[in-house]
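Novice: Sequence:
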Amino acid sequence: MVTMMMHQHQNHGNPPASSAAIGGIRSPHNHNHAHRLPSPSPISLDGPSRIRLSDILPYDGAPMGPYIGAVDALSTSLMRYNAAVIELGSDDAALLRCALESARLYFRTRKGGRGVYTYRAGRPLEDVDSSPPCMADVFRCMGRAARAALCAIARHLRLRSDVFNDLLDDSPLPANEASSSVLVATFSQISLQQGKGATGGGKPALSFELEKGLLMLISSDSSGLQVCDPNGRWYQADSNLAPGELLLLTGKALSHATAGIRPAASYRATPDNLLIPASAGRTSLAFRLMPQSNAILDCTPIAAAGHVIPQSYVPISVSQFMDDLSAEEDVLCNHTDAAYVPTDNLNREPSLRSVLSDPLSGAFLEDAMLVSCGHSFGGLMLRKVLETSKCTLCNSEIEAGSLIPNHALRAAALAVKQEDDRRLFHNAALRKRRKEASEHRENGDVTPENGSHRGVQYPFSVNEKVIIKGNRRTPDKFVGKEAVITSQCLNGWYLLKIIESGENVRLQYRSLRKISTSQDSEDRCVSQPVQNSS
Numbered sequence: 001m002v003t004m005m006m007h008q009h010q011n012h013g014n015p016p017a018s019s020a021a022i023g024g025i026r027s028p029h030n031h032n033h034a035h036r037l038p039s040p041s042p043i044s045l046d047g048p049s050r051i052r053l054s055d056i057l058p059y060d061g062a063p064m065g066p067y068i069g070a071v072d073a074l075s076t077s078l079m080r081y082n083a084a085v086i087e088l089g090s091d092d093a094a095l096l097r098c099a100l101e102s103a104r105l106y107f108r109t110r111k112g113g114r115g116v117y118t119y120r121a122g123r124p125l126e127d128v129d130s131s132p133p134c135m136a137d138v139f140r141c142m143g144r145a146a147r148a149a150l151c152a153i154a155r156h157l158r159l160r161s162d163v164f165n166d167l168l169d170d171s172p173l174p175a176n177e178a179s180s181s182v183l184v185a186t187f188s189q190i191s192l193q194q195g196k197g198a199t200g201g202g203k204p205a206l207s208f209e210l211e212k213g214l215l216m217l218i219s220s221d222s223s224g225l226q227v228c229d230p231n232g233r234w235y236q237a238d239s240n241l242a243p244g245e246l247l248l249l250t251g252k253a254l255s256h257a258t259a260g261i262r263p264a265a266s267y268r269a270t271p272d273n274l275l276i277p278a279s280a281g282r283t284s285l286a287f288r289l290m291p292q293s294n295a296i297l298d299c300t301p302i303a304a305a306g307h308v309i310p311q312s313y314v315p316i317s318v319s320q321f322m323d324d325l326s327a328e329e330d331v332l333c334n335h336t337d338a339a340y341v342p343t344d345n346l347n348r349e350p351s352l353r354s355v356l357s358d359p360l361s362g363a364f365l366e367d368a369m370l371v372s373c374g375h376s377f378g379g380l381m382l383r384k385v386l387e388t389s390k391c392t393l394c395n396s397e398i399e400a401g402s403l404i405p406n407h408a409l410r411a412a413a414l415a416v417k418q419e420d421d422r423r424l425f426h427n428a429a430l431r432k433r434r435k436e437a438s439e440h441r442e443n444g445d446v447t448p449e450n451g452s453h454r455g456v457q458y459p460f461s462v463n464e465k466v467i468i469k470g471n472r473r474t475p476d477k478f479v480g481k482e483a484v485i486t487s488q489c490l491n492g493w494y495l496l497k498i499i500e501s502g503e504n505v506r507l508q509y510r511s512l513r514k515i516s517t518s519q520d521s522e523d524r525c526v527s528q529p530v531q532n533s534s
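Each residue of the sequence shown is one higher than the last, beginning at 1 in UniProt numbering.
No lab work stands behind these hints, which were simulated from the structure alone.
A couple of the hints might just be wrong.
[What the hints assert, rightly or not] No more than 27 Å apart at the CA atoms, straight line, and that leaves these computed lysine-lysine pairs for DSS-like:
#1 Lys384 x Lys417
#2 Lys514 x Lys465
#3 Lys469 x Lys514
#4 Lys477 x Lys497
#5 Lys497 x Lys514
#6 Lys477 x Lys514
#7 Lys497 x Lys481
#8 Lys477 x Lys465
#9 Lys497 x Lys465
#10 Lys465 x Lys417
#11 Lys469 x Lys497
#12 Lys481 x Lys469
#13 Lys481 x Lys465
[As the list claims (entries may be wrong)] Label-pair ranges, simulated between beta-carbon atoms:
#14 Leu393 x Ser130: 55 to 63 Å
#15 His407 x Arg510: 28 to 36 Å
#16 Leu173 x Glu387: 51 to 59 Å
#17 His407 x Ser461: 50 to 58 Å
#18 Ser461 x Arg80: 16 to 24 Å
#19 Thr388 x Ser54: 35 to 43 Å
#20 Glu482 x Asp91: 46 to 54 Å
#21 Leu352 x Leu403: 22 to 30 Å
#22 Ile316 x Asp91: 38 to 46 Å
Every residue gets a Cβ at the ideal spot worked out from N, C-alpha and C, and that includes glycine.
Construct all of the structure, not just a fragment, from the sequences and the given hints.
Specialist: Okay, here's the thing in structure tokens:
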């Protein structure tokens, strides 16, 4: 049946359903200038550039014309439209068409005509009948396209094409490890009369979403998604998108890793008043390229390439970064009525780093000066105040000869800067240790320093005997068995050998327990007579 679906033609005339919940940050109101919602205006007829996947795939050797042109076209499209379209080969396009049709049939027959299914590679095998077909194949296909696009973005920023690889899962995944990235299949069949937007509320034109991860690739069987360009104008991004093509959007994690050079794209469902009533619904597949939770988002490579890095872009762990985004999302969603209230009424408190930094250059206020009105400035903002002879905060006239050094502010800015420098050095040293540990494992040296790695992730040492206490991911046949640790792996995982059966298994430290000294002594006493008799 799947083979027959791959040769069926799609119905591209179906209008979209008004839902774009693909797993990003949902924002019910405008909260910054870059994502302000413009006044009603005609939808742009222009659209993102199309780039063939085969042209941006990394390869050995000198860069050729098609690769250089595709990298430039991709980056230009992201700068102009905050989006780009990736064209797949014929085999991959056929796979996507098959997956979209299979997902549509799956949701209409099993989920009552509406639903969302999230696939994560590396999870324990599930019942084939409980998930849409082709998800594993589509995950690999879209994952390859997402990684190629990420390499092209890095190359255009004068970085190594593999500079972001440390943020990603290993490829292929290690055994018994689930992927950080996810593939989301959605189907919705909403008529025009229901009038619900991306948030399910009654004000679809004033809501948008932001992807949390690095990149998002979207494939759908009909249009229904708008993207906001850098000028604040919404346009129909998937109006000419074929089922074998992918819409590329950048996320918040990539924005932080590139110090805002590649900002996150805002997207939303097409407002109902611009749609024709849908009878067949809209099916979409969204691949979210996510960084590992234990990775560090660091702008050091961007700075080394010569780009100016605002001081607000400090190194931060992915887990903390995602927690901060979730907290921000909760705050925004709790102010649903604030869509019609000016942003200043939110009373958002500025961070210490923003107070101690020049808003124009991002540099710390190590040259802070107190002007005649009582406010303090430094860097480029101080130069602007002196040129205009007017305070930018209170509009008071400034006397150029009355400047006084603000030593307290300078000392505070210097202290925060030194703390950031120490954190940056620590993260660089951490990456170096991880690289050296990886090289040791590749060379067969699995013995860590001082018997164990730093931190609580490695509470056991090589050749230590443990008991498998298990968790929900541990096979039942291993629970309660004694094993010997043969080597250490990344992120607190161990390779063990079951004493009773001799089988090898890879488990995390949380599913293991030390054998008490008394129990180990009893085992030796029991085994001693056997050895003597032999």
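Novice: Now, for every hint given, state plainly whether the structure supports it.
Specialist: Structure-based check of each hint:
1. Lys384 x Lys417: holds, 23 Å
2. Lys514 x Lys465: At roughly 7 Å apart (the allowed maximum being 27 Å), Lys465 and Lys514 satisfy the hint.
3. Lys469 x Lys514: Given that 27 Å is the threshold and the Cα spacing comes to 10 Å, the pair holds.
4. Lys477 x Lys497: holds, 13 Å
5. Lys497 x Lys514: Within the cut-off at roughly 15 Å; holds.
6. Lys477 x Lys514: holds, 19 Å
7. Lys497 x Lys481: Satisfied, since the Cα-Cα distance of roughly 10 Å is no more than 27 Å.
8. Lys477 x Lys465: Holds. Lys477 to Lys465 sits at ~18 Å (cutoff 27 Å).
9. Lys497 x Lys465: Roughly 10 Å between the alpha carbons, so the hint for Lys497 and Lys465 holds.
10. Lys465 x Lys417: Measuring from Cα to Cα gives roughly 47 Å; hence the hint is violated.
11. Lys469 x Lys497: holds, 15 Å
12. Lys481 x Lys469: holds, 8 Å
13. Lys481 x Lys465: Since the Cα atoms of Lys481 and Lys465 sit roughly 11 Å apart, the hinted pair holds (cutoff 27 Å).
14. Leu393 x Ser130: 55 to 63 Å: 59 Å Cβ-Cβ, so the 55 to 63 Å window holds.
15. His407 x Arg510: 28 to 36 Å: violated, 51 Å
16. Leu173 x Glu387: 51 to 59 Å: Once the Cβ atoms are compared, 56 Å apart, the range 51 to 59 Å for Glu387 and Leu173 holds.
17. His407 x Ser461: 50 to 58 Å: Taking Cβ atoms as reference, His407 and Ser461 lie about 52 Å apart, which means the hint holds.
18. Ser461 x Arg80: 16 to 24 Å: violated, 55 Å
19. Thr388 x Ser54: 35 to 43 Å: Check failed, 53 Å falls outside 35 to 43 Å.
20. Glu482 x Asp91: 46 to 54 Å: holds, 49 Å
21. Leu352 x Leu403: 22 to 30 Å: holds, 24 Å
22. Ile316 x Asp91: 38 to 46 Å: holds, 40 Å
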